[in-house]
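*Asks:* Chain residues, written in single-letter form:
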Amino acid sequence: DTGVTQSPTHLIKTRGQQVTLRCSPISGHKSVSWYQQVLGQGPQFIFQYYEKEERGRGNFPDRFSARQFPNYSSELNVNALLLGDSALYLCASSSTGYEQYFGPGTRLTVT
Amino acid sequence: GIQVEQSPPDLILQEGANSTLRCNFSDSVNNLQWFHQNPWGQLINLFYIPSGTKQNGRLSATTVATERYSLLYISSSQTTDSGVYFCAVSSNDYKLSFGAGTTVTVRA
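Residue numbers (the numbering used here), protein chains in the order written: chain A, 1 to 111; chain B, 1 to 108.
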């Protein structure tokens, strides 16, 4: 079975730009969550979607938004990028919303 | 939100040694997972263990939910066990709250 996939693997953007990250969950999983991991820290929760509806949101500004599509894949959008948005962005999928399986991540660098 | 503390922050082992990693959490939980983060950043699932004891090869884990802690045991450590180990929990919602991790270095 294919695990969680994310694209792109790496991304370099300039301050003020916008970025879209993509995630495909494990087949059969209806829940997708997004996490941000800054170097040296544990991941921080951004969003969870279940059956295409937002089920939870972490303490992130409105510049961060996400959506889930009918095939359960998801996109994370970040507008007006700041240097502090440089991080590893992790996507996780779950069949129930509880036990979560993570993808390889997208490493975003903002210059 | 729920607080998660992991100890020790760093652990250096000789190959073949045994070790115990600890995770304390501040509230009752309905989900607790242990992960190993590889050098490329991917989080590898080790255990889903909101309570009880599980074993998988040289790794085992125990969660005592009533006392709000979990332990991860690594036996006969190998160099491939090196990396960062995270404990993550969720309470009455679905978001995982992570600890700061334990960095394990296994020397040959």
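For the record, the hints were derived by calculation from the structure and aren't laboratory data.
Any given hint might turn out to be false.
Said to hold, decoys possible - On the chain A side, residues computed to face chain B include the following (Cβ under 10 Å):
#, residue
1, H29
2, S33
3, Y50
4, K52
5, F69
Think of the CB as a built atom: it goes at the ideal place given N, C-alpha and C, for glycine as much as any other residue.
*Asks:* State the violated hints by number, sorted upward, taking the hints as numbered earlier in the document.
*Replies:* 1, 4 and 5
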